[in-house]
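Peer 1: Position chain B relative to chain A; hints supplied.
Number of protein chains: 2
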Amino acid sequence: MVAVSAAQPRIQLLQTPTAPAWVEQAIAHLDTVLLDHSHCERKAAGVALNLMCRYPSSEKLVRALTAIAQEELSHFELVNQWLERRQVSLRPLPAPPYGTGLSKQIRREEPGRMLDSLLVAALIEARSHERLGLLAAHCPEPELAQFYRNLMASEARHYGAYWVLATTYFDRETVNARLAELSAVESTLLLTLHPEPRVHS
Amino acid sequence: MVAVSAAQPRIQLLQTPTAPAWVEQAIAHLDTVLLDHSHCERKAAGVALNLMCRYPSSEKLVRALTAIAQEELSHFELVNQWLERRQVSLRPLPAPPYGTGLSKQIRREEPGRMLDSLLVAALIEARSHERLGLLAAHCPEPELAQFYRNLMASEARHYGAYWVLATTYFDRETVNARLAELSAVESTLLLTLHPEPRVHS
Chain A
7 MVAVSAAQPR IQLLQTPTAP AWVEQAIAHL DTVLLDHSHC ERKAAGVALN
57 LMCRYPSSEK LVRALTAIAQ EELSHFELVN QWLERRQVSL RPLPAPPYGT
107 GLSKQIRREE PGRMLDSLLV AALIEARSHE RLGLLAAHCP EPELAQFYRN
157 LMASEARHYG AYWVLATTYF DRETVNARLA ELSAVESTLL LTLHPEPRVH
207 S
Chain B
7 MVAVSAAQPR IQLLQTPTAP AWVEQAIAHL DTVLLDHSHC ERKAAGVALN
57 LMCRYPSSEK LVRALTAIAQ EELSHFELVN QWLERRQVSL RPLPAPPYGT
107 GLSKQIRREE PGRMLDSLLV AALIEARSHE RLGLLAAHCP EPELAQFYRN
157 LMASEARHYG AYWVLATTYF DRETVNARLA ELSAVESTLL LTLHPEPRVH
207 S
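So the sequence lines, in the order shown, correspond to chains A and B.
Using this note's numbering, the first residue of the first sequence is number 7, and each one after it goes up by one.
Using this note's numbering, the first residue of the second sequence is number 7, and each one after it goes up by one.
Worth flagging that the hints you see were computed from the coordinates, not collected in a lab.
Keep in mind that the hints are not guaranteed to be accurate.
Where chains are identical, the list cannot tell them apart; a pair therefore holds if satisfied intra-copy or between any two copies.
[Unchecked claim] Once the Cα atoms are required to be at most 25 angstroms apart in a straight line, the calculated SDA-like pairs of lysine to any residue come out as:
no., residue 1, residue 2
1, K66, L36
2, K49, R119
3, K110, P201
4, K49, S95
5, K49, L140
6, K66, R119
Bound-form chain A, shown alone:
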């Protein structure tokens, strides 16, 4: 468990809400979105693990990200169980431009690299949280909708944890200024709906 959930109600990371067109696209392609969701959970575990590897002396970061990586892996497992139940085989899916578009914003030099990595992860988690909520609200299959609702309860902690880590290693003004820039990019990346149904299309 990530012990930073208290900070969440005050965090408003996303500049613009998801457009209704995404909800329509996702609901019309639930299996593909579920398969993409599986890849997202695995990649999210990888992001946490890579950061733990890059900053091995940062104890608070290592502790928080170990918990996040574990939770992402357990979600990966749950999503894969849903895929199996729906007889959707695991297979690669080309990623939408969202993740690469955000990663390009990460500066190469420290300490900017650390701040940007934490904030980009926070934004992706915040957007995932929002979209799982939309799936929970609009999915016409009650059991699957309930699954998304259950995931949200723990997903909600992740973007808070990344944001708290950013404010642990950087002063609040620096964090807020960079967050404003990155969240503007994040919203712009989603202005045009990606033609392939994805969690971040």
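Peer 2: Using the frame of chain A, we list chain B on its own:
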């Protein structure tokens, strides 16, 4: 839990046992070995996750390695709790030549790349298992010795899981022939004791 433990009693992956000099070196530098052990657990989670990412359509592999990655992360957490208790700060440690020496043996083209990756992971897990057992047997601090004994019970499954995956995707003769080559390299890499105390020095 990795559901392949039944195959283990028949697996003898290592060609030569660890030399007594390693035990002496490790017991004389318990804190450093514990810190290195922390890095090993995190890296082992990374190896499992990378393979899941490289072979996303291989359902059995994905399932077994998700369980392994989760277990490695939980061991990482346990080792870090021991480091905290002993007031050893997390910090990077230069790796011994063992891991790089084994990785160099992994062929770049498929399907050899997959077979070699699974067998190299199996060998590293088998050697780790053997060495945790030596620490459990020789550590003069009873609680730490008990910790190593506890870890071994689950670590024992990992090399079995990698070996079973190899025989799932490749025929037994191919696996045994390549294992003989790789385990010879593995033993050779440990012939000379690395001057820095490490799990794989």
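Peer 1: Where does the structure disagree with the numbered hints, that is, which hint numbers, in rising order?
Peer 2: Result: no hint breaks.
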